[in-house]
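Peer 1: Note that the protein sequences, when read in sequence, are chains X and E.
Mapping of the first sequence onto the numbering used here: position 18 corresponds to residue 18, and the numbering continues sequentially without gaps.
Remember, the numbering used here sits 1000 above the position in the second sequence when you count from 1.
Since the hints were derived computationally from the structure, they do not count as laboratory data.
All of these numbers come straight from a predicted model, not from anything done at the bench.
A virtual CB, placed ideally from N, CA and C, is assigned to each residue, including glycine.
Keep in mind that the hints are not guaranteed to be accurate.
To be verified - Every beta carbon over 10 Å from chain E, so not counted as near; a handful from chain X, in silico:
{"hint": "1", "residue": "S7"}
{"hint": "2", "residue": "A16"}
{"hint": "3", "residue": "L17"}
{"hint": "4", "residue": "R28"}
{"hint": "5", "residue": "Y50"}
{"hint": "6", "residue": "E67"}
{"hint": "7", "residue": "Y77"}
{"hint": "8", "residue": "S108"}
{"hint": "9", "residue": "T120"}
{"hint": "10", "residue": "D125"}
{"hint": "11", "residue": "L127"}
{"hint": "12", "residue": "E166"}
Stated by the list, open to error - Cross-link-like lysine-lysine pairs, in silico, DSSO-like; alpha carbons within 30 Å at most:
{"hint": "13", "chain 1": "E", "residue 1": "K1213", "chain 2": "X", "residue 2": "K117"}
{"hint": "14", "chain 1": "E", "residue 1": "K1111", "chain 2": "E", "residue 2": "K1052"}
{"hint": "15", "chain 1": "X", "residue 1": "K105", "chain 2": "E", "residue 2": "K1620"}
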Amino acid sequence: MCKNSLSPALADKFAALEAYIADLNITRDDARRRGRLIQVLHRAQQIFGYLPREVQCFVAEKMYLQEADVSGVVSFYNYFTTKPKGKYCINVCLGTACYVKGAEKVLSEIERVLGVKADTNPTEDGLFSVSALRCVGACGLAPVVMVNEKVYGKVTPAMAVEIINEYKQRG
Amino acid sequence: MEKILSREALCSAYEHCKGMLALRCSAPHDIQSAKKDILCCGGTGCHASNSKELMDNLRNLIREKGLEDDVRVIQTGCFGFCAAGPIVKVMPDNVFYTQVMPEDAVEIVEKHIVGKELVERLLYVEPLLNERLHDYAKMSFYAKQQRIALRNCGLIDPESIEEYIAHDGYQALAKCIFEMTPADVVKTVLDSGLRGRGGAGFPTGRKWDIAAKVNAPEKYIVCNADEGDPGAFMDRSIMEGDPHSVIEAMTIGAYAIGAHQGLVYIRAEYPLAVSRLQKAIDDARATGLLGNNIFGSDFNFDIEIKLGAGAFVCGEETALIHSMEGQRGEPTTKPPFPAVSGYWEMSTNVNNVETYANVPQILLKGAEWYSSIGTADSKGTKVFALAGQVNNVGLVEVPMGTTLREIIYEIGGGISGGREFKAVQTGGPSGGCITKENLDLPIDYANLGKIGSMMGSGGMIVLSDQDCMVAMAKFYLGFTVDESCGKCTPCRIGTRRMLEMLEKICDGNGTMEMLDDLERLAETIRDTALCGLGQTAPNPILSTLRFFRDEYVAHVRDKKCPAGTCQKLYQLTITDACIGCTKCARHCPVDAIRGEIKKLHVIDQSKCIKCGACIENCPKNAIVKE
């Protein structure tokens, strides 16, 4: 068990994840238990916001898997992150349709204004993290920027700054 | 809805439900009709433009006016015309409103619904005629389309199994189970000529035939909904707009090959598609159309959703299967083919979403009907995601054999901003470009292959004279390098070397020998990579080198980017046309522009980041790229 003494909030999160895994009725002799791994990791990332080593260990233990197997899956897929995200995740679509419509300029303006690079750490105040993603399938609105779940279409570099300011004011 | 436990029960369910679509399927009436269906697009694109709020506003207003018995507000799937979203269509009037904002709800209700008058300002303006059209059938965007896979998108409420049944839903499945043997079903699909719509175009019937003949203790039927090609969104729209057609088709496929469990592998980036599909699966199960004893027969089948986690390579079927097993999504060599050893080493049949969406119609209308559409080697229709520098961005479904000119200039309304057409990139990161010379080529699998491109999943990115082909090749290579799983050396290292060369060329550090090296390396990777991702990764380079070699040469020899895209190869300078309005200086984000009011301004090249903000704001077009 790599979980040490935990804050109550964190303990609740582990409890929620444990309950989710328990519902799947995974047993040690089920040769196909690994088939549930990606679904469990999605849930874990929903609960914790990211997948630090402690969470990966926990998942491995509860699913009777090797820690290396879990870590191998987490590192393979873009969707899983081992770093915490900002309160507002700004995702700039760099799919082809958005690229052709100037998404790179939007991304570099966002990086410049916030002073962080895409797919690195969040801003110092913890408010924003920036990522580039590949196609959300809203090509009619290219270039597309997502802030958490909210989609903004036909974004220009100037609009991107306005969007950031709007979230800054919300705090 | 009550359980449907026999074919007769389906027929009576149909009789019971068909009235729901009466307003939508009848001939256009006069605007005076009191009963109306207001259809609002609920696809991802229109959702992003606040179509949900618009629907709420419409519903509230209808209720306030006490019209809720006569007027229904219905959320449908994607209409395909994403450029003009959010879309509202009023039936039976057949009136098509575009770019409707939430606050426009008042005018639609008061003027159109109550006042029986058109809201002129929201009507679509046909660019070719420069005229406001209210009849959707007359729009050039729709006139040439033939909708089979998208037949229900923009027509029915995707969250209502009743509306699907009202439009012949689950009739094809009933026909299979009660009138046909599994071998008959395979033969019909084989005879229809349907080929895989996900990329390679393998005949679907042949795939089913192989899987049906395998003797295995368990069989699986899988829907590949890992639509990874950036710029293609037809699979998302089908799942969001018509999820039951995918379920029905998978059930038919399961019956044909003898499977009892189905899996849909879907991208986690498509939350709306996941929730609509899940609701459809739950509803089908509750109605007895999934689960044990479907239609009261002895056929059992159920479907489970498996989420992807953001890896393009998982669109390759062996990688997809490994991902469903909770492993890294790395491909393995074929044979063994999944039909022999796939999910948990059992016989597995994988087809793509759009392929499935065609199946119920083929079974209902017959192989002959389907194979009468299209060309000699490519039957039926294909959905293309038209995007890039084109006026009508959206989803279009046309018979195979339609020319690019028809798609881009008639349906697509031409190049945006009146620019000149340069090329179309089809097949995404695995495809190639098609130039002006081939605009009149009928599009099918064979013809696209002949000119070094491929059908792929149907992404169609239109490029104008302002797009640099070398930069496009670099963009796609950047994508493949990111998405290479790393298992085989040609793809892991080879694509990276190619990307480095392209970066040097775009930065003005390329050599002429590099072009030959690039070509040789590309051919080697194509011949030696393990899976489709690596084998097709060089296509964007080979195809741009073939058709646009002069652009590469301009970058290398003249250190110039003819399209003005590659930042290192141009400077921004202010010409004498400058009137000293100071606008550029005020908009420059890095304070690189100096100059006094009413005097010529100058750009400090050491500070300039070439963002182009000055160009956009200059009232005199005095700033040029050199």
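Peer 1: Take the hints in turn and mark each one as holding or not.
Peer 2: Hint check:
1. S7: Given a closest Cβ separation of 28 Å, the condition holds.
2. A16: holds, 18 Å
3. L17: The claim holds: L17/X sits with its nearest Cβ about 16 Å from chain E, beyond 10 Å.
4. R28: holds, 15 Å
5. Y50: holds, 14 Å
6. E67: Answer for E67/X: holds, closest chain E Cβ roughly 14 Å.
7. Y77: Violated, since 4 Å does not exceed 10 Å.
8. S108: violated, 7 Å
9. T120: Check passes; 16 Å lies beyond 10 Å.
10. D125: Holds: least Cβ distance 21 Å, greater than 10 Å.
11. L127: holds, 21 Å
12. E166: holds, 15 Å
13. K1213/E to K117/X: Violated: K1213/E and K117/X sit about 54 Å apart, past 30 Å.
14. K1111/E to K1052/E: holds, 21 Å
15. K105/X to K1620/E: Holds, at about 23 Å.
Checked against the numbered hints above, the structure breaks hints 7, 8, 13 and satisfies the rest.
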